[in-house]
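**Q** Join these two chains into a complex; the hints should help.
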Amino acid sequence: MENKLNIDELIEKYQIGELFGDDLIWFENELKTNKDLVNEFNLHQMIDKAIIQEDIFIFRERLENIHKIMILEKSRPIKNIIHNFKLLYFAGAAIILLIIGCFFYFYNNNKIYTNEELFSMYYEPYLTIAGVRSEINDHSYKIYSDAIHKYSQKDYQNAIKLFSRLVEKNNNNTASHLYLGISYMETQKFNKAIESFQYIIEQNDLLYIQQAEWYLALCYLSLNMNEKALLQFEEISKRNNCYKNKVDEILKKYKTVR
Amino acid sequence: MIKTLVNNNKGNDYDAKDIYQEAFIIIYNLIKKNEFYLSCSFKTYLYSICRNLWLGQLYKKKIRKEEFIDNEKFITIENEIDVDLEYILNFKYKIFKRNFDKLEDECRQILILFLKKMSFKEIANIMGYKNESQARKRKFKCKLLLLKNIKNDQAYLELIKDGK
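Here the protein sequences come in this chain order: A and B.
Everything in the first sequence is counted per the numbering used here, starting at 1 for the first residue and increasing by one.
Everything in the second sequence is counted per the numbering used here, starting at 1001 for the first residue and increasing by one.
Chain B extracted, bound-state conformation (with noise of 0.2 Å):
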């Protein structure tokens, strides 16, 4: 189904398979966060969100809407531009986490115990550091290198680049 909108509307089966997963995070995201209705069939809503997705990949190519080809029954999602957006977000999360499972152990390690909101004393503790002050530096220069890195990252550059 996903394949043949795809396939119809100047894509290829990769793009299919993209816009396939990126569909099921967005509804996994939506059921996460209690905002997943059905009003209709689940075939009729997986359809329309890739319909979405795809037509926002095909606006950013150029292509016009009205030359869409449909070959299933569809329904206007709510919010239509959010669609656009998930996907954008999830594909720069996509980035962030390739670049921070890239880091050394250590600054893996520091950032996540920060982010699960471990104070700077409990950090030192743990990573075997003097005191605060020294997690605290450690854990800003993870921090920048990881910036550092996904700044440099062609497909972020990529992004910045088409004003995302």
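Just chain A, same shape as in the assembly (with noise of 0.2 Å):
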């Protein structure tokens, strides 16, 4: 049994209950003597259940947040900091070599981006398919099918009216809100999609607020909105999830020229 599969297989069988009879006697005699199999299984759980565990990252983050106000709060002007000659000499120095560091690095990247450039490096529609919730009835599913495939095939007036339509029968489909908020970029009325990546946000959803963020940062981009761009860039960073890196190239060509 073991020769046959390897034990993450065997585990993975075992949690969708896809092991039976004599392998599933095996597999539990072995979760009971061998070790190894049990610390691989725990870490598989472990890990299914950090997953899951939102609402304690978002408890986590919270309290990250209050901590970094309250050093904020606490922080002063630096008085006085300056002693001596000694330290005033090093000073000087780090001015002077900040300096030429800054002369050489706005010599080297003197390009100057706008926000229609960045926007147009960075902006691509979402392209997975997905979406349909199992709350979903069958004629909602007829509409949502036929709204992803005319998103699909660029049709964003048609989708748009599709997508509209399933949020209005089923506010809490955030798959629908995502796909009609990029319609909407898509077809130039960032307004209206600014209010579907909001209201995924607003509704805290697991899967798709990572891309109405993201989605959200640009559409602000595009209309100029530069200071809610910005936080909403520097927000994502934060998060360290698949935009951070995206999002910290833009931040450097951002921030340079603003």
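Be careful, since some hints might not be right.
As the list claims (entries may be wrong) - A short, non-exhaustive set of chain A residues, derived as facing chain B with CB atoms under 10 Å:
| # | residue |
| --- | --- |
| 1 | D8 |
| 2 | E9 |
| 3 | I51 |
| 4 | S237 |
| 5 | R239 |
Said to hold, decoys possible - Just so you have them, the derived chain A footprint on chain B, three or more residues with Cβ under 8 Å:
| # | region |
| --- | --- |
| 6 | 1094-1106 |
| 7 | 1144-1156 |
What the hints assert, rightly or not - 25 Å max Cα-Cα, derived DSS-like pairs, lysine-lysine:
| # | chain 1 | residue 1 | chain 2 | residue 2 |
| --- | --- | --- | --- | --- |
| 8 | B | K1033 | B | K1043 |
| 9 | B | K1017 | B | K1148 |
| 10 | A | K246 | B | K1094 |
| 11 | B | K1017 | A | K68 |
| 12 | B | K1092 | B | K1161 |
| 13 | A | K13 | B | K1130 |
| 14 | A | K246 | B | K1148 |
| 15 | B | K1117 | A | K142 |
| 16 | A | K244 | A | K228 |
| 17 | A | K238 | B | K1017 |
| 18 | A | K49 | B | K1148 |
| 19 | A | K192 | A | K228 |
| 20 | B | K1116 | B | K1060 |
| 21 | A | K35 | B | K1161 |
| 22 | A | K13 | B | K1116 |
| 23 | B | K1092 | A | K68 |
| 24 | A | K49 | A | K13 |
| 25 | B | K1094 | A | K238 |
| 26 | B | K1097 | A | K244 |
| 27 | B | K1092 | A | K49 |
Simulated from the structure, these hints should not be mistaken for lab results.
Computed from a predicted structure; not experimentally measured.
C-beta: ideal position from N, C-alpha, C; glycine also.
**A** Laid out in structure tokens, this is it:
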């Protein structure tokens, strides 16, 4: 048995209830005696639990934010730091080096990106076909399939009509909100797109919140709402998710010219 | 209060922040499990949890309990060892979640859908896969990738090295 499948495959099959008969008996006996298997099995279970424990991570993030706010409140302007000539000397040298550094930095990074350029460099419509939730009934499923079809054909006007109907029928279908938002972006209706993405963020939907935050930031960028865009990008950057690298690149380009 | 406790006992402000946050997470979990009972003031309770957590950290650093300096009243937390276990568990969860967040959208979605108890047929429909078999394979690949990343995570390796 162990030769045919590796430990991960066995655990996977056991977890989804696809181990039967002798295999199942063998596996359960092993779980009583085989320490490595037990450790691996526990690791699988803990990972699953961690993934769906979203509330703890939101709570942790809030605690972290409170801590940051407290630090900010406590920080005061630095006064009388330079106590002696030696320190002054080093401070002066550091400033000169900083100026030289800045000169070279700006000399080498003098490309100024407009919001429009940044947008076209980083924006692409969401491609994964996802989103039918189990609570959608058959009729809605038909509309959803049509909507996804229109969306994938880049027929965004009709996709908007269909996704809007779905959202009216069942406001909880966050996938439709996401596709609706992107369809609005594709048709240059950025303010409408913002409403869709903000809705997903308000719902704190685990599946689509990262995408919603990313596209919301791009909408702000496109509308030249620079302050909001910057805040939104910085928020994503803190999260360390799959958009982080793109966002960090944007932030570098963004901050140098504003 | 917590800062003083940690700073008085060979720690710094950063350690104090960590201990304080972990204590709140433990209390939050106890409330969720309906296992939170107050037999003293909340302040004393919080101090006692932080005290246990910090004692656990000092034990790892081989600093003797007798040298510990208290600055507040404290109570004995039942199942004292659980506080330390909770701390390690929460730390592991942080590592798991961090690696999960780094996965591609598709993998994150498929794993969440699976953990939301959806069938592979439903997952195949949602994700636009040809059939259940493809959904099953994708889910397995994503889980393996996540496992691999976690097992290569430096913080996780250190935990394993410490026998946690």
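**Q** Each hint needs a verdict: does it hold in this structure or not?
**A** For each hint, the structure was consulted:
1. For the restraint placing D8 of chain A at the interface with chain B, the shortest Cβ-Cβ distance is roughly 6 Å, inside the 10 Å limit, so the hint holds.
2. With a cut of 10 Å, the hint placing E9 of chain A at the interface with chain B holds, because the nearest CB-to-CB distance is about 7 Å.
3. A cut of 10 Å between beta carbons decides the hint on I51 of chain A: the least distance to chain B is about 5 Å, and the hint holds.
4. The interface hint given for S237 of chain A is violated, since its Cβ lies 13 Å from the closest Cβ of chain B, which is over the 10 Å cut-off.
5. Using the Cβ-Cβ criterion of 10 Å, the hint placing R239 of chain A at the interface with chain B is satisfied: the shortest such distance is roughly 7 Å.
6. Proximity of the region 1094-1106 of chain B to chain A, defined as three or more residues with a beta carbon under 8 Å from a beta carbon of that chain, is established by the 11 residues found.
7. Coverage of the region 1144-1156 of chain B by chain A holds [criterion: at least 3 residues with CB-CB distance below 8 Å; count 4].
8. As the CA atoms of K1033 of chain B and K1043 of chain B are separated by approximately 21 Å, the hinted pair is consistent with the 25 Å bound.
9. At most 25 Å may separate the alpha-carbon atoms for a hinted pair to count; K1017 of chain B and K1148 of chain B exceed this at roughly 31 Å.
10. Of the supplied pair hints, the one linking K246 of chain A and K1094 of chain B holds, its CA atoms being roughly 23 Å apart against a limit of 25 Å.
11. For the hint linking K1017 of chain B to K68 of chain A, the alpha-carbon distance of about 11 Å falls within 25 Å, and the restraint holds.
12. Taking the CA atoms of K1092 of chain B and K1161 of chain B, the gap is about 13 Å. The hint holds against a cut of 25 Å.
13. Only pairs whose Cα atoms come within 25 Å are accepted, and K13 of chain A paired with K1130 of chain B is accepted, the gap being roughly 21 Å.
14. Distance restraint check for K246 of chain A and K1148 of chain B: the Cα-Cα separation of roughly 24 Å lies within the 25 Å cut-off, and the hinted pair is therefore satisfied.
15. Only pairs whose Cα atoms come within 25 Å are accepted, and K1117 of chain B paired with K142 of chain A is accepted, the gap being roughly 23 Å.
16. Note on K244 of chain A and K228 of chain A: the hinted pairing holds, with a Cα-Cα distance of about 17 Å set against a maximum of 25 Å.
17. Proximity of K238 of chain A to K1017 of chain B is assessed by CA-CA distance (about 18 Å); at most 25 Å being required, the pair is judged to hold.
18. Between K49 of chain A and K1148 of chain B, the direct Cα distance comes to roughly 17 Å. Compliance with the 25 Å bound is thereby established for this hinted pair.
19. As the CA atoms of K192 of chain A and K228 of chain A are separated by approximately 16 Å, the hinted pair is consistent with the 25 Å bound.
20. Taking the CA atoms of K1116 of chain B and K1060 of chain B, the gap is near 38 Å; set against the 25 Å cutoff, the hint is violated.
21. At roughly 16 Å between alpha-carbon atoms, K35 of chain A and K1161 of chain B fall within 25 Å of each other, so this suggested pair holds.
22. Restraint check: the Cα-Cα separation between K13 of chain A and K1116 of chain B comes to about 17 Å, which is no more than 25 Å; the hinted pair holds.
23. At most 25 Å may separate the alpha-carbon atoms for a hinted pair to count; K1092 of chain B and K68 of chain A meet this at roughly 23 Å.
24. At most 25 Å may separate the alpha-carbon atoms for a hinted pair to count; K49 of chain A and K13 of chain A meet this at roughly 18 Å.
25. The straight-line distance between the Cα atoms of K1094 of chain B and K238 of chain A is roughly 15 Å, inside the 25 Å bound, and the hint therefore holds.
26. At roughly 15 Å between alpha-carbon atoms, K1097 of chain B and K244 of chain A fall within 25 Å of each other, so this suggested pair holds.
27. In summary, the hint linking K1092 of chain B to K49 of chain A is supported, as the alpha carbons are separated by about 11 Å, within the 25 Å threshold.
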